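Just so you know, the protein sequences line up as chains A, B, C and D, in that order. Heads up, the first sequence is in this note's numbering, so the first residue is 1 and it goes up one at a time. Heads up, the second sequence is in this note's numbering, so the first residue is 1 and it goes up one at a time. Heads up, the third sequence is in this note's numbering, so the first residue is 1 and it goes up one at a time. Heads up, the fourth sequence is in this note's numbering, so the first residue is 1 and it goes up one at a time.
Think of the hints as simulated: they come from the structure by calculation, not from any bench. You may find that some hints are simply not true.
It does not matter which identical chain is used: a pair holds within one copy or between any two.
[To be verified] Restricting the straight-line Cα-Cα distance to at most 16 Å, the calculated cross-link-like pairs of lysine to aspartate or glutamate (EDC-like) are:
hint: 1; residue 1: Lys282; residue 2: Glu51
hint: 2; residue 1: Lys220; residue 2: Asp270
hint: 3; residue 1: Lys220; residue 2: Glu51
hint: 4; residue 1: Lys299; residue 2: Asp41
hint: 5; residue 1: Lys162; residue 2: Asp311
hint: 6; residue 1: Lys291; residue 2: Asp318
hint: 7; residue 1: Lys123; residue 2: Glu88
hint: 8; residue 1: Lys123; residue 2: Asp311
hint: 9; residue 1: Lys192; residue 2: Asp302
hint: 10; residue 1: Lys291; residue 2: Glu321
hint: 11; residue 1: Lys299; residue 2: Asp318
hint: 12; residue 1: Lys119; residue 2: Asp311
hint: 13; residue 1: Lys282; residue 2: Glu225
hint: 14; residue 1: Lys162; residue 2: Glu315
hint: 15; residue 1: Lys123; residue 2: Glu315
hint: 16; residue 1: Lys123; residue 2: Asp89
Quantities reported herein were computed from a predicted structural model and do not represent experimental measurements.
Protein chains: 4
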Amino acid sequence: MFFASDNAGPVHPQIMNRLAQANTGHAMPYGNDPIMDEVRDAIRTAFEAPEAAVYLVATGTAANALALACYTQPWQTIFCSVTSHIHEDECNAPEFYAGAAKLTVVETDDKMTPEALTKAIEKHPEGNVHGAQRGPVSITQVTERGSIHSLEELNALTAVAKSYDLPVHLDGARFANALVALGCTPAEMTWKAGVDVVSFGGTKNGCMGVEAVVFFDPAKAWEFELRRKRGAHLFSKHRFLSAQMAGYMQDDLWKTTAALANDNARHLADGLRAAGATLLHKPDANMIFAKWPRRIHQKLHDAGAKYYVMDGPLEGDDPNEPLSARLVCDWSIGTEAIDQFLSYF
Amino acid sequence: MFFASDNAGPVHPQIMNRLAQANTGHAMPYGNDPIMDEVRDAIRTAFEAPEAAVYLVATGTAANALALACYTQPWQTIFCSVTSHIHEDECNAPEFYAGAAKLTVVETDDKMTPEALTKAIEKHPEGNVHGAQRGPVSITQVTERGSIHSLEELNALTAVAKSYDLPVHLDGARFANALVALGCTPAEMTWKAGVDVVSFGGTKNGCMGVEAVVFFDPAKAWEFELRRKRGAHLFSKHRFLSAQMAGYMQDDLWKTTAALANDNARHLADGLRAAGATLLHKPDANMIFAKWPRRIHQKLHDAGAKYYVMDGPLEGDDPNEPLSARLVCDWSIGTEAIDQFLSYF
Amino acid sequence: MFFASDNAGPVHPQIMNRLAQANTGHAMPYGNDPIMDEVRDAIRTAFEAPEAAVYLVATGTAANALALACYTQPWQTIFCSVTSHIHEDECNAPEFYAGAAKLTVVETDDKMTPEALTKAIEKHPEGNVHGAQRGPVSITQVTERGSIHSLEELNALTAVAKSYDLPVHLDGARFANALVALGCTPAEMTWKAGVDVVSFGGTKNGCMGVEAVVFFDPAKAWEFELRRKRGAHLFSKHRFLSAQMAGYMQDDLWKTTAALANDNARHLADGLRAAGATLLHKPDANMIFAKWPRRIHQKLHDAGAKYYVMDGPLEGDDPNEPLSARLVCDWSIGTEAIDQFLSYF
Amino acid sequence: MFFASDNAGPVHPQIMNRLAQANTGHAMPYGNDPIMDEVRDAIRTAFEAPEAAVYLVATGTAANALALACYTQPWQTIFCSVTSHIHEDECNAPEFYAGAAKLTVVETDDKMTPEALTKAIEKHPEGNVHGAQRGPVSITQVTERGSIHSLEELNALTAVAKSYDLPVHLDGARFANALVALGCTPAEMTWKAGVDVVSFGGTKNGCMGVEAVVFFDPAKAWEFELRRKRGAHLFSKHRFLSAQMAGYMQDDLWKTTAALANDNARHLADGLRAAGATLLHKPDANMIFAKWPRRIHQKLHDAGAKYYVMDGPLEGDDPNEPLSARLVCDWSIGTEAIDQFLSYF
């Protein structure tokens, strides 16, 4: 009954197999391994972007921080949502990599709106040397509250960015979960929607620890390579990053695992609703925020269920006080564990 | 015939097995996995340092840069050798992580001497606000020229550092190779010799991508955790770093693979000497620098041998001009490939 | 009719005289001039802080950024108000000097409240490695909206900071204006109120370009000296910073000029109210925010009056639409210019 | 008898007068003062560079660090001489402003040679992601040992830089001293010689605290303005920087004071030679390095003479042991003080 995060599950067997296969003899280090050529091709094909520059790193924070740094000057500010991972969960890594740039929160509850984004940008007038200068817009898809931007919403946000000539980054730690939920193509969710660079997540969706950074404009390629090395994120035995991503792309495994995770979440959400819990955000992908009485939390806790209780202590006087929780399903959790979880309601 | 580096070989089966074993169910992320407890214990035991703070990262550059940053203020300079990896091969990562600190080269050919170190430190008088301030001393064991500091040499260097109250970092990317060559204990080569923090390498010696940072003074623990996260080096699926290191420590595999690598190098060095090549540095561990005529380089190259030619182009007029080369042996290379290599002389 | 800022007026004659007097022969550079001894004594006496470390820099942004950097780790966040100069008007200088730390806005309109500060701090739970860590609290006195914290308000804010063991910085670019308005002592407005370091402004209040940074705990002294030098803010001909500050402290000139500025603002505020303008913030010190019809703005503009119109444009269809403006009075402006300004209403 | 530095003398009366004249009424802040227009014109005219971007800062370290930062990426290294101010005397300010870039010392005693520069650049092969990348070349004219590069030497160095497509910075803290010694034009010593940006010093040559940064390619203008603000080096009461520089440029005062300083040094050097002291570097400008017996140092010291003794303690057993000293003459020192100094020999 592990719903604490999708970053704690096992690696998919297909990926483990590719790691084992890759482990023969010597291979050129630092990204010059032949498996990386396969990965580059696979990602370019998937994104319909034959010129894209494709790189691998081992953590999502590295992907975000390095990608953003390529588009941010130290005197600029990055526009992001209040719930964004780069703002809340990266311990100033984006600021560090961008040379002490700022992050500006676009004031909405979760997903940015074009109006709120415009307002945030307008607060930083051009030509004013005293304030932080306008920098890139970073959109998180799926958001950290489990919401998905429709293609229409995405295009509306990037249109604002483009109208100010600002680059757009997509934090796709859960890119696959959004994609299968929307039923669109990778191109539609990225460069066709005005995205310049995407963090294409693997770790949360069945890999061991690998994320791709995909630049649709290859002009940033060499700068990224230098930033990655300087950030100490260039792997010598790089083939083991490549092998993970190769296994992930092979036969669209990435879509399969994402669909599994989303299905698991839907099953759990349906069960929670049926059990009388209140759902707090629309569970678009594989993340659920919901509220139910303390006494049920306590039973679940005693039974070993793992998830975050967002407000208030588990211990408390009122057994019926509703406490909200975050539940994340990964591809591996399965309906059995979910049903077991629901059985405590 | 792969002698380009020890960072390009396969992962040892014992480590692959531990990765496979670790891949069951969910585990707490970010270093809270139970395998990390095992690793911590194993390293503390190996180093006879029950209080040591032990952390894992995936690259040697990350280990060095993060470890040094914990001991360096941005207005200080790190004293290192002219051949050190931190100075030559990390694309300003140590400077980046230490907040724009400087590196000062101690002027010797390879290994620092106490005299040269003293001179370098004395050039930065205390209380002079205009110059870079004295920072930590970083020693590389094995050096990037394949030399090993004897325990006596190590103690002499740290004595200089301590006399100025400066902390000492040991870049142990090839820690195991030095240790088995010296036949000493990990404690003797680190804290008993005055080392405050060590980058304990795994990647070059049979792991997939893992290095431990070991602080003998646990006071730096929390700062390291924050720096690691901020540097984007904290793994969510951390158990797969832990599993590698657990497999590496188990039954002293790390010493076994290092001894294999050193034996391979000795076999190669003996063969080169017998074949008339000139050895340029004393090959203490698993790295050899040697010189032989261009025409033999050309034959080896045509036969697919991989290694770095240090001076001059492989193509050239004089077939007998001696060109120097770097040859690195890893644990897996084996005498067969070495003898094949030697057969071209 | 110059009301654009108090940073654009002339230097007070008493300060010009001290500069002229200082200009004889040679003086030891870099802060070792004898006038600096006089300044240190004068400021220690004024603040009743015989142990305080006192330094001079030439700009307010340097004072703020260097002072904060001494209390901020790169992985922390500085708590400040939404209108604070460090957040809005320093082009990421605080982030730069603090090694890429973050700024967190405490959500109120202008002055922080203890409740809002507590909420902002609580959003950064201790021991959570993923988020920015809690850093210093920076309070602006006078605020950038012209408001003054009463001693009670100040003590309530620092009590919150202290309850979390966080240091407190006071941005006193208009310290003197606040002090004479409150009628308190420098000690009461700083260390007695829990302030650890203050940017004690001179430039806006009659100096040429000098600010003091006063640390009530002298333990930060050497770090500040190194940070100042590294930031390129250590003057060689330092006596000309000292002379300004010496002239400023002499015979309490700093209180005299501040009182003049506040009186000018009061005269202007009274006149505006009498003329039917709407005052937007309580004008506690020397800054006024007020609203009046566009047509009067236009007349003033044509007559050469200088001040910022906040919600323009100056040109517009409706001559009676009220537009708000910021008016700042310095010590030198005088009632004549103010009455001339008011004559256009 | 003050020979410790040229940064400790008085401000020239012509400059004090301009400061006094500038002190009337209000002036637009932050570089928008009309005197800055005059300064810009004067410098463009002097340098025969009608398009040059001209900015003022208050310290030489700020001029160097900000100018270099505009031409340096964080993963690059700046090539400089072993005696350069940026390497030895700026407490890591260039590294700080350039985002943690490196400095690489070109190995000569003082002035770079084209051969040594080429060698230093070649050690950083293009396309090698592991090492620091090639960055700008910074030349110091006058060097910190008092030597001047002839125009031929300067052109030879910049030719090397240009052959690698590297930008060139000139640290001209003593620009005027070199210029009058060479008898050339500012254009000949800068853009005609391949210099891209120059720190044009004022402080050491009769100003209070002002240096100009002159970009011959105005494309860097806005970036410099943002870097200056972010570095906290943008003055609000900027007219008082402008007034200094205006006074300095007026009627070629800058050449007059430099000629005075150089003449003073020549007088002192002649006297020292006559008195039997050994001159260590060729005293091309206003700085002298010489050696004479300890007992004379002691007499001079007792008589209040101020200068740096470079080697060994003033106190010592052997009264005849020669100790070397650095003596710097500014424009104001005059022959009387020099002759008094020489009378102790």
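Exercise for review: Kindly indicate which numbered hints from before are broken by the structure, ordering the numbers from low to high.
Suggested key: Hints 1, 2, 4, 5, 9, 13, 14 and 15 are the ones this structure does not satisfy, whereas the remaining hints hold.
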